[in-house]
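Using the sequences and the accompanying hints, generate a full structural model.
2 protein chains.
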Amino acid sequence: MGNDKSVTIAVLGGTGNEGGGLALRWAHRGYPVIVGSRSAERAQEAANGMNATLGREALRGLDNVAAASEADIVVLAVPYAAQRSTVEEVKEKLAGKILVDVTVPLVPPKVSRVQLPEGGSAVEAIQKLLGDGVRVVSAFQNISAHHLTHLDEEIECDVLVCADDSEAAEQVVGLTRAIGLCAWNAGPLCNSVVAEGLTSILIGLNRRYKVPGTGIRITGIPTGQE
Amino acid sequence: MGNDKSVTIAVLGGTGNEGGGLALRWAHRGYPVIVGSRSAERAQEAANGMNATLGREALRGLDNVAAASEADIVVLAVPYAAQRSTVEEVKEKLAGKILVDVTVPLVPPKVSRVQLPEGGSAVEAIQKLLGDGVRVVSAFQNISAHHLTHLDEEIECDVLVCADDSEAAEQVVGLTRAIGLCAWNAGPLCNSVVAEGLTSILIGLNRRYKVPGTGIRITGIPTGQE
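Those protein sequences? They're chains L and G, same order as listed.
The numbering of the first sequence is this note's numbering, which starts it at 112 and goes up by one.
The numbering of the second sequence is this note's numbering, which starts it at 112 and goes up by one.
Keep in mind the hints are simulated off the structure, nothing from the lab.
The reader is advised that the hints may include incorrect statements.
One copy or two, either will do: identical chains are not told apart, so a pair holds if it fits within one copy or between any two.
30 Å max Cα-Cα, derived DSS-like pairs, lysine-lysine [to be verified]:
hint: 1; residue 1: Lys208; residue 2: Lys116
hint: 2; residue 1: Lys239; residue 2: Lys221
hint: 3; residue 1: Lys221; residue 2: Lys208
hint: 4; residue 1: Lys202; residue 2: Lys239
Structure, rendered in structure tokens:
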């Protein structure tokens, strides 16, 4: 499914930097993409901007509920404070689908300090809320939005993909590789605590070294063996 | 201090693979190193073996308490199950020193599943136990013992160093770079939850790809700017 370009991807929070960057990259590679937002109008504006960048009508904008309803795979890229309420809002539209959660549980102003939610990762609470009928996958927490939006830039950051359903994990690994990123199946959903927390460490390094977007690479796996 | 080779380093659990690899590397670079173990005899045997590898009397072996007592910097590289008891045993000898904790809170048999201790990281419990008189630093969790013991091998894994005392963190960054590893100040001690958990993800990748030791690299910081 990762390379099946008939799959429609909705990015909730696609008007933000991280969600917008992902939406743009998938559209650029030929996937039908829906930008979701609380406001259908702002979603369409964002989609229009990206279509202008790409020079074709590759994206459209809808409110989050409609976007989730029309998509095969739903990506959640909203701020941590809006994570739970957004999922509750679209819950009925997710049955049988994969939800890819990009949420990083940052607690401003100390965003370079790892502050985990009660119980570990932010994504596990969402899987619990949705139950077994939705396959929740965690991914993309460490990818700098700065890099995503520069389409021609090679992104020097690997993606850790965590899920309890390994088939869903492999689909998201495929969708990630489709936009030129190196992705790894990093194990069960609870392992997402590492990917979520790592973002705070990277933000700290960005500040210390005055760079726009540090990242991580997995080493020790021979090329071609992935 | 990181480059001051008069500093004596004790590695508690230096008879194990990870601790032994670190001890060997520091001794190889000219630091006076003490191998610590519950048994002084086994510690001396391990030290003898490493001295034979190096071709000179660079290490000696002592029981953990004597090793901690004689060292300037104490490295704790024991299994998670022995972490707390070892620290309690040597506590009186650590006053005013830096304790570098290498502990990974693995819970066999599910070692590729991130299973964090109550409250977050394993190292924070040790800092709490020791109080403000000991500067606890977390480091080396992600370095494969396999790579450490091959002295001529370049290790393709960066070290995340976490500490609440930033001067202590910088000293450990220096000691890490002294053995040819790339090290980063990754922020406060609580951020160690990421380094500790990451080891489970790397163990999972080792198994999946049948390789001896995956690792991580931090990207996005220009060479020479570290």
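Q: Using 30 Å as the alpha carbon limit, work out where lysine 208 and lysine 116 are close: within a copy, between copies, both or neither.
A: within (16 Å within a copy, 59 Å between copies)
Q. Under a CA distance limit of 30 Å, which applies to lysine 221 and lysine 208: within one copy, between copies, both, or neither?
A. Intra 34 Å, inter 28 Å, cutoff 30 Å: inter-copy only.
Q: Could you figure out if lysine 202 and lysine 239 sit no more than 30 Å apart (CA to CA) within one copy, between two copies, both or neither?
A: The answer is within: 12 Å in one copy meets 30 Å, while 42 Å across copies does not.
Q | Same-copy or cross-copy closeness of lysine 239 to lysine 221 [CA-CA at most 30 Å] | A | Both. Shortest intra-copy (27 Å) and inter-copy (21 Å) distances satisfy the 30 Å Cα cut-off.
The structure shown violates none of the earlier numbered hints.
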